[in-house]
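**Q** One letter stands for each residue in the lines below.
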Amino acid sequence: MKYVDEYRDQKMAEKLAAEIRRAVTRPWAIMEVCGGQTHSIVKYGIDYLLPKEVELVHGPGCPVCVTPLEMIDRAHAIARRPEVIFCSFGDMLRVPGSTGDLFQVKAGGADVRIVYSPLDCLKIASSNPARKVVFFAIGFETTAPANAMAVWQARQQGIRNFSVLVSHVLVPPAMTGILESPDNRVQAFLGPGHVCAVMGYREYEPIPPRYGTPIVITGFEPIDLLEGTLMAVRQLEQGRAEVENQYVRAVDADGNTDAQKMIDRVFEVCDRAWRGIGIIPRSGYRLKDEFRDYDAEQIFQLGPIHAPEPAICISGQVLTGLKKPHDCPAFGKECTPQNPLGATMVSAEGACAAYYNYGRHLVALPSAMGKV
Amino acid sequence: MSLSFTLTCPVPVTQHKAIVLGHGSGGRLTAQLVRELFLPAFDNPALRKLDDQAVLEVAPGRIAMTTDAYVVTPLFFPGGDIGRLAVNGTVNDLAMSGARPLYLTAAFIIEEGLPLEDLERVVHSMAQAAADAGVAIVTGDTKVVNRGCADKLFITTAGVGLVPDGTSISASNARPGDVVIVSGPIGDHGITIWSTREGIDFTGSLQSDTAPLHALVEAMIAAGDVHVLRDPTRGGLGTSLCEIAASSSVGVELEASAVPVREEVKAACEILGMDPLFVANEGRLVAMVAESSADAVLQAMRRIPEGRDACRIGRIVAEHAGMVLVKTEVGGSRILDVPFAEQLPRIC
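Those protein sequences? They're chains A and B, same order as listed.
For the first sequence, my numbering gives the first residue as 534, with consecutive numbering after it.
For the second sequence, my numbering gives the first residue as 7, with consecutive numbering after it.
Hints are computed from structural coordinates only; laboratory data are not their basis.
There may be inaccurate statements among the hints.
[Unchecked claim] No more than 25 angstroms apart at the CA atoms, straight line, and that leaves these computed lysine-lysine pairs for DSS-like:
1) A:Lys548 - A:Lys576
2) B:Lys333 - A:Lys544
3) A:Lys856 - A:Lys656
4) A:Lys639 - A:Lys656
5) A:Lys585 - A:Lys548
6) A:Lys821 - B:Lys272
7) B:Lys272 - A:Lys585
8) A:Lys856 - A:Lys866
9) A:Lys857 - B:Lys333
10) A:Lys639 - B:Lys158
11) B:Lys158 - A:Lys544
12) A:Lys856 - A:Lys576
13) A:Lys585 - A:Lys535
14) B:Lys272 - A:Lys535
15) A:Lys639 - A:Lys665
16) A:Lys576 - B:Lys158
17) A:Lys576 - A:Lys794
18) B:Lys272 - B:Lys333
19) B:Lys158 - A:Lys548
20) B:Lys333 - A:Lys535
Because the structure is a prediction, the values reported are computed rather than measured.
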């Protein structure tokens, strides 16, 4: 497939891996920020192509994983109401709340539907005027423009039976949060390619000089990830710390300004709780006051929900790069995708689920392959 | 496969344009449906007797027997329909033992209100598929349930076939050294159904791969030493390989870049964040064949339309028994594990 196959080329991968081996002289810990990058790394076995000095640690950029348990419970409570049609992206349906997931809520009689775009919800709302259509608006800056557009168009079209349950999060505050943690071991970042396609990378430029930490905005294909890693290793080895852009075919400094304008019209920055991490100041979006009629939390007034996390789960440390999934005693035992105890086991992009789905609970792969 | 068929019987003369509960009552309406639709479409001596059972002549030897229930939305899709699936799926389950499929049964659970025209289309498609596969539908049943108690139409078929003497094919027969062969590109059926159901059409001319595979299997067995056959339906090729690795206590080494996937299927999977290895097929098989006869089997497969694009995708090893190891496109490796439920489109 054009624009994909050339980024999965084995010869190019070998060449980049060889260049990384030549460039590296000592151990470095590099965090890929996005869950999509984590998934790709594990799916293609990219970490096994790297020299032992280069350790990829997995970041917090999985939107499904970091949505707080309390927010999932809120979604379920709304979905259970008989007048509600609850719409969500597919992979949120399997995320467990305190009592089961949205599939179980659906099996209990709720009207839960998978949509591919939030704009589909407007069609559903128009053709079901007696029902209340609620969309679970989660994700990073990547999904925010389309979610904002849905709210904006609902107002333009006078659709009154549509609302959004917002749990949007932002990448830069999470990165600085990790860097400011006393236990931090991240020395460079592979920056979030798709987030930057929307937002550009100017807001990342203050970070490297302030913390001495290079950021390479990186794509999601194997060649992207290897090239991004090479660029990060070179910065580290040369003692540079700046923002570089590996993902030039999708990202420029300014990003998609139309999308940013749509976000600004509808959303404003707020403090947000991250599952497994806690509250990070100014790390999320909420609807602006003028759109409160479209805010599901306002409409359904559920009051406070308290949802404690299982004590054994170390997903906060996994999300901030302090630990790897198999450092957890519950990994692949009490905690599996069937019965996830925490954030990072619940989505295909979560580090624990990626490790599990690609069999890393079964065997230490390099020894099984007789290599590395 | 084509959707077109010829109406070989007079169009039913019932005044009903849609199925009503009475069609499942066992009374005159049921009899009319049997007499005017099912009997002419499936016509054969055993069925014609309309006894409570079919009495069949069977040669001595071993019988293969299987049953499968078919539920699919939409009922009609590019390349096939629920009726063709219900025949081919059961024919293929029989064929995967090396059996020659002989007889099928068919039970219909119909939701009240189903347009009679739709039922006729499905039944005639089944008749055509049975004729194509050389099997007879010898007995059946019809039930009608209240609206909302079923999704338009569910079909259950069972089948029997005759296993030739000396044929021993089982998921537990894979041996180290065997070559893994797939009969054609994977994922066509699953992506076709998904794209038709969701009304997202970027699949161009993509069609379901539904097809009977018994002729292909016969040619393979005649050409070489076939140890394992599976038709990777619901769980896709990946699930079949994991099951075979476990049943045979062997390791499977899969070359990701050797697995044939059409461009349209690749693109749909990229967009949705799904893995073609776990997307459904209805007219493909995966085989473990002794290395010494792998080339002969491949050549024989390629002479049959259903095996035209057959190719090697990996091999069986003694190491990492019970596990499927994938050599990735970029030279990395990972273990293939069965997903615990259906794949879901990813958020971003």
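**Q** Does each hint hold? Answer for all of them.
**A** Okay, the hints, checked on the actual structure:
1. Distance hint between A:Lys548 and A:Lys576 is fulfilled; the C-alpha atoms sit about 20 angstroms from each other, no more than 25 angstroms.
2. Distance check on the hinted pair: B:Lys333 and A:Lys544 sit about 14 angstroms apart at the alpha-carbon level, within 25 angstroms; holds.
3. A distance of roughly 44 angstroms separates the Cα atoms of A:Lys856 and A:Lys656; the hinted pair therefore is violated under the 25 angstroms criterion.
4. Between A:Lys639 and A:Lys656 the alpha-carbon distance is near 21 angstroms, which keeps this suggested pair within the 25 angstroms criterion.
5. A C-alpha spacing of about 17 angstroms is found between A:Lys585 and A:Lys548, which places the hinted pair at or below 25 angstroms, so the restraint holds.
6. The suggested pairing of A:Lys821 with B:Lys272 is violated, with an alpha-carbon distance near 40 angstroms, which exceeds 25 angstroms.
7. Pair hint B:Lys272 plus A:Lys585 does not hold up; C-alpha atoms about 33 angstroms apart against a cutoff of 25 angstroms.
8. A threshold of 25 angstroms between alpha carbons decides the hint, and for A:Lys856 with A:Lys866 the separation of about 17 angstroms falls inside it, so the pair holds.
9. A distance of roughly 23 angstroms separates the Cα atoms of A:Lys857 and B:Lys333; the hinted pair therefore holds under the 25 angstroms criterion.
10. For a cut-off of 25 angstroms, the pair hint linking A:Lys639 to B:Lys158 stands: about 20 angstroms separates their Cα positions.
11. Proximity of B:Lys158 to A:Lys544 is assessed by CA-CA distance (about 52 angstroms); at most 25 angstroms being required, the pair is judged violated.
12. For a cut-off of 25 angstroms, the pair hint linking A:Lys856 to A:Lys576 stands: about 20 angstroms separates their Cα positions.
13. Only pairs whose Cα atoms come within 25 angstroms are accepted, and A:Lys585 paired with A:Lys535 is rejected, the gap being roughly 33 angstroms.
14. Between B:Lys272 and A:Lys535, the direct Cα distance comes to roughly 11 angstroms. Compliance with the 25 angstroms bound is thereby established for this hinted pair.
15. As the CA atoms of A:Lys639 and A:Lys665 are separated by approximately 16 angstroms, the hinted pair is consistent with the 25 angstroms bound.
16. As the CA atoms of A:Lys576 and B:Lys158 are separated by approximately 39 angstroms, the hinted pair breaks the 25 angstroms bound.
17. Distance hint between A:Lys576 and A:Lys794 is unfulfilled; the C-alpha atoms sit about 35 angstroms from each other, more than 25 angstroms.
18. Restraint check for B:Lys272 and B:Lys333: satisfied, since their Cα atoms lie roughly 18 angstroms apart, inside the 25 angstroms limit.
19. In summary, the hint linking B:Lys158 to A:Lys548 is not supported, as the alpha carbons are separated by about 56 angstroms, beyond the 25 angstroms threshold.
20. Distance hint between B:Lys333 and A:Lys535 is fulfilled; the C-alpha atoms sit about 22 angstroms from each other, no more than 25 angstroms.
The structure does not agree with the numbered hints 3, 6, 7, 11, 13, 16, 17, 19 stated previously, though it agrees with the rest.
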